[in-house]
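> Take a look at the letters that make up each chain.
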Amino acid sequence: MSELSRLAGRAAGMLRERAVAGLRDSVHSVRAALAWAWARRPPWRRVTALAFVAAVAWAGAWSVLAQARLASRLPSPLDWAAASALLERDARPGDAAALSPAWAERAREALPASVPLVAQARLAAEALPGVRRVWLVSIPSAPGFRWEAEADLSERAARADPPSRVGALEIARFDLASPTLPIAFLPDRLARGAVTLGAADCEAVGPGRFRCGAAARVERTVREIGGAARPCLSITSAAPLDLPLVVTFPPSRIGRTLDGHAGAAGAGAVAAGTAAPVRVAVLLDGEEIGSAELSAAGWSPFRIDTSRSAGQVRAIALVVTSPARLALCLDALVLP
Amino acid sequence: MTLAGAIERGRALADRVASGVRPAAISWAALTFVVLLALGGGPGVSRDEAAVLAASDPALAIGGEGPAPAPPLAPALSAATRVLLAPAGVPSLRGARAATALVGAILSAAMVALAWELGPATALLAPALFWAAPRHLHAGLVAGPDLLLAALALGLALAWRRAFSEAEPRRRVRAALFTGALLGAALAARADGWVLGLALALEAGLSRALRLPTPADAARPRATRTALVALAVAGPLLLVAAWPALLSSPAARAAALGLPSRGAAAFALGGAASSPLLSAAFPLAIAGLTVPFALLLVLAAGLVHAAVRLGRALSGRAPREEARPVLLLLLLALTPLAAAAAGIAPRVGGVRPFLHAMPFLAILAARALVHAARMAWPSRAAPLAASLALLVLWPALRTSAHFHPTGRAAWNELAGGAAGAASMGLPRQEGGEAAARLLEVVAERARGGARVYWPTSSPAAVRTLARDGRLRADLATAAAPEEADLAIVTLDGAGRDGEYRAWSAFRTARPVAGVYVDEVPLGFVYAAPGAWR
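From first to last, the protein sequence lines stand for chains X and E.
Residues in the first sequence are numbered from 1 upward in steps of one, following the numbering used here.
Residues in the second sequence are numbered from 1 upward in steps of one, following the numbering used here.
Don't take every hint at face value.
[To be verified] Just so you have them, the derived chain E footprint on chain X, three or more residues with Cβ under 8 Å:
no. : segment
1   : 61 to 68
2   : 135 to 144
3   : 235 to 245
[Unchecked claim] To give an idea of the interface, some chain X residues facing chain E are shown, with a C-beta separation under 7 Å as derived from the structure:
no. : residue
4   : E3
5   : A57
6   : L74
7   : P77
8   : P101
9   : W103
10  : E105
11  : R108
12  : T221
13  : E224
[Unchecked claim] A few chain E residues facing chain X, derived, Cβ under 8 Å:
no. : residue
14  : M375
15  : A376
16  : L384
17  : E413
18  : S423
19  : W503
20  : S504
21  : A509
22  : P511
23  : Y516
None of these hints come from the bench; they were simulated from the model.
Bear in mind that the values here come from a model prediction, so they are computed numbers and not experimental data.
Note that beta-carbon positions come from the ideal geometry of N, C-alpha and C, so glycine has one too.
Given the sequences, and given the hints that come with them, work out the whole structure.
What follows is the structure, given as structure tokens:
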């Protein structure tokens, strides 16, 4: 037994020695090969040229592949048709669709007309009046895609189901935790309202459009404020509004607050000098209950407390004055 | 004809083309002219091009008012080709754009001539590298001063070289005067043309300071002084001769001065200008995001290669005669980039502020590519260079074909194409030129006599399209969306207020037609109820 273990030990020792010797030989051979290769290395200019040739070949091949892959990363007409069918089936009143990325506006053409599109790119701070649920239509594989819209919605809404994948499109439904459900959106009530400038009545020149001589115009429209579309009352004056411009809306039930925004309309408004400060006062049946001094640069919010008259049906009027000519976009929501 | 026969004939033709600078230059010029002329009818009319067309044709000017004062050379050339080609039945827009095709042909020939001393392969490859980029090709398809300035820059480089290399003093003086005249033409093409004069003066000053010999080394005691005096005298004289209004009109003088344009980076980069990294050196950012990636790599390598060669020549590790031609090419490539970064170039989009640097970059790039092939595999240098050229040119040409005729909407693979660029907030096009792509569907579907509101297109552009027959004759123009039946809007970063007002007037935000590239909308048509069939 001991003889056997001695023989086994010797055999193991011999094997180890051979393995070490083999390894040593291998290392030696590799070192010799490397030394040989180093001694015969091409000049650095050739190495640089070879590296450049390889880089150009790689860049060309990568470009071809990137171009070929792009089409599969973007939605096809079939994808849009499927998304439209899905929304047609599942959307209901109070739903809206948002786009991510915001440039994917083929949705305006492709999605059903019954689902309005949210025009803003960032949704965290948007009131989204009247919207209970938002369908986020996104293209996650689009180059430069960011999850901002989804993050914004996740802050204020619960995702009902896992998102549906429709080709390159992904559709997720978000149920807003506290939707803004206004009693009235005042610009929409202008058609049945009245406008005066000082003591003079302004002429109605169309549904929701008034002209106060050559001095001012008031209309229900959509304008660009800070790069986003805003439905609002557009108030344009060729000269400073020395006299108060009073926009009176038909009687409506009053809630706890009246929330609104004002901003200079049009992309070049600040440069054109039409972004002057404005004063907006709110009257209920002719009695001023609050006012706000607003900078028209940007989309400035204001809030008037109307809780004293909450529940009553009263005529609301907005009174606008400004020390400069105006191209103002003004909205106001009567909130419960 | 058999395949072998065709190959043989092709080789014979290639040998003939490459047999000398003249056949090579003529071949490239002819090819460029034919391609640019053939593709010239495609692009729409941007606001910048409309200004050039209105200056070239009083019938297009707004309400009888003259166009704003601007350098007159590009409008004059457009007017000349339009008038010359009109008897042949060429439509006015194509006629006006034929001037650019002609300038493009001259540019190709000048590139070949300038690059020929670097080798026939370099000379033949350089124009291909220039034209393969979609925005460079687009500049050759529309009327405007940018390509003209690029061609004049090449002409200046050729004439400047002759002003030093000619053996006879009289010929040197003649070449110097020609250089001055070309500088005058550059000033009459674009207000920042003086940057080219600055590059030449820098080259003369540096060559003198570094005591660089001319390639054909000989005593040229007064060559530098003569050339600089010719630049300083002949240039302004020709400018005043081409633009007499400079003597009487303060507005023309202000336009000729080309005051630094603040916000050039914001104009070129759109919403992405808020990124300090991109705006810091916006010409590099724009080139880096618009030139197809493989081509961009070769252009950058060309610059580095030239700088290394210059360093070697200056340090005595290469013949010192090599330094001056490389210095000239480097300065003519880098000075326009620096000028654009400094806000001296006009506020135009894409690579247009520094397009006149790109032919020089292309020449340097072609040289680097050919040199690398020769160094990497000396025995197979020609096939390797051809393969590399194919790998560089193929994706670039594919991009050009993909974006045509809206070449100014092209962004490269690094930007993620048009979609990635839109995600970054980069401009989608320039000046409403995509409106033309909607005219076919408008012609087909618009109600007879419909009034069209064009919030983003220049009135001169609309008149041009109407006169060219691309806009249906019975369609009228409306000044406001409330008076319109249709609205044709383009999305080019210039604000969307007009589009939103059309939503309100037509009571819909749903377009009836759109034009897209890589799913990114470039333009929409909105219609009032009943106006769309």
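> Evaluate each hint against the coordinates.
Hint check:
1. 61 to 68: holds (count 6)
2. 135 to 144: As far as the segment 135 to 144 of chain X goes, the hint holds, because 4 residues have Cβ atoms under 8 Å from chain E.
3. 235 to 245: violated (count 0)
4. E3: violated, 67 Å
5. A57: holds, 6 Å
6. L74: Status holds, d = 5 Å.
7. P77: violated, 10 Å
8. P101: holds, 5 Å
9. W103: holds, 4 Å
10. E105: Given a least distance of 5 Å, the restraint on E105(X) holds.
11. R108: holds, 6 Å
12. T221: Holds: closest Cβ of chain E sits about 4 Å from T221(X), inside 7 Å.
13. E224: holds, 4 Å
14. M375: holds, 3 Å
15. A376: Holds, because the Cβ-Cβ distance from A376(E) to chain X comes to roughly 4 Å (cut-off 8 Å).
16. L384: Constraint on L384(E) satisfied, holds at 7 Å.
17. E413: holds, 4 Å
18. S423: holds, 3 Å
19. W503: holds, 5 Å
20. S504: For S504(E), the interface hint holds, since the closest Cβ of chain X sits about 4 Å away, which is under 8 Å.
21. A509: Check passed: Cβ of A509(E) comes within 6 Å of chain X, closer than 8 Å.
22. P511: holds, 5 Å
23. Y516: Interface hint status for Y516(E): holds (6 Å vs cutoff 8 Å).
In summary, the structure is inconsistent with hints 3, 4 and 7 from the numbered list given earlier, while agreeing with the others.
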